[in-house]
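Model the placement of chain S on the given structure of chain A, informed by the hints.
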Amino acid sequence: AAGVIQSPRHLIKEKRETATLKCYPIPRHDTVYWYQQGPGQDPQFLISFYEKMQSDKGSIPDRFSAQQFSDYHSELNMSSLELGDSALYFCASSFGQGGGHSGNTIYFGEGSWLTVV
Amino acid sequence: TQLLEQSPQFLSIQEGENLTVYCNSSSVFSSLQWYRQEPGEGPVLLVTVVTGGEVKKLKRLTFQFGDARKDSSLHITAAQPGDTGLYLCAGARGNTPLVFGKGTRLSVIA
Chain A
18 AAGVIQSPRH LIKEKRETAT LKCYPIPRHD TVYWYQQGPG QDPQFLISFY EKMQSDKGSI
78 PDRFSAQQFS DYHSELNMSS LELGDSALYF CASSFGQGGG HSGNTIYFGE GSWLTVV
Chain S
1028 TQLLEQSPQF LSIQEGENLT VYCNSSSVFS SLQWYRQEPG EGPVLLVTVV TGGEVKKLKR
1088 LTFQFGDARK DSSLHITAAQ PGDTGLYLCA GARGNTPLVF GKGTRLSVIA
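Protein chains in written order, with the numbering used here: chain A, 18 to 134; chain S, 1028 to 1137.
The shape of chain A in the complex, shown without the other chains (with noise of 0.2 angstroms):
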């Protein structure tokens, strides 16, 4: 079965650059969320779209922005970049919002890499 595909895999980036990452949710998901985990870390939720209008905001930057486009698929765009952000980004994905009924899932990519040097 199709998974939540993100890319690219690994990133480096020098600091004060921008960097974007792309995430796939899985065929007929219609929610995307962005997670953080930094190194020994848990996982801390950025942000949130349900049918292509941000749902929930976490703990965000404001350097950061996200959007979900019509396919559905999601992008990360991280500017002006600094040593702190490197870190796995996760997307996930699932069929309608939250995880509070077992048929709302949430499904985790392989995540990103970003390393800032």
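Keep in mind that the hints were calculated from the coordinates and are not lab data. The structure presented is a predicted model; accordingly, all values stated were derived computationally and were not measured. The C-beta atom is built at its ideal place from N, Cα and C for all residues, glycine as well. One thing to keep in mind: the hints can contain errors.
Derived, one-sided and incomplete: chain A residues facing chain S with beta-carbon distance under 7 angstroms [unchecked claim]:
id, residue
1, 41
2, 50
3, 59
4, 60
5, 73
6, 76
7, 78
8, 100
9, 107
10, 122
11, 125
12, 127
13, 128
Relative to chain A, chain S alone:
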């Protein structure tokens, strides 16, 4: 403040032993999901529990959701080296995004 507290944080056991990992909160969750994560990889869903008191079994793994839907446990019987990994619990309240615990890092030694 961590909404979901997982314990223990680290666990190292011998192959064949049993273990239990706990996920506790003072908040009520409408569902709770358990994931297993390998280094550098995305969390892989193990199970979702929805009903208070629910018990789900996945081969040697048994998951339980507390009656009050504030806590959950994961019990592994006869652990194997392949069970090594980071076990994360994540809770959802209504339509809000998942919040994660800090995880239990399990090491099973052959």
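The hints, checked one at a time:
no.: 1; hint: 41; result: violated (14 angstroms)
no.: 2; hint: 50; result: holds (6 angstroms)
no.: 3; hint: 59; result: holds (4 angstroms)
no.: 4; hint: 60; result: holds (5 angstroms)
no.: 5; hint: 73; result: holds (5 angstroms)
no.: 6; hint: 76; result: violated (11 angstroms)
no.: 7; hint: 78; result: violated (17 angstroms)
no.: 8; hint: 100; result: violated (19 angstroms)
no.: 9; hint: 107; result: holds (5 angstroms)
no.: 10; hint: 122; result: holds (5 angstroms)
no.: 11; hint: 125; result: holds (4 angstroms)
no.: 12; hint: 127; result: holds (4 angstroms)
no.: 13; hint: 128; result: holds (5 angstroms)
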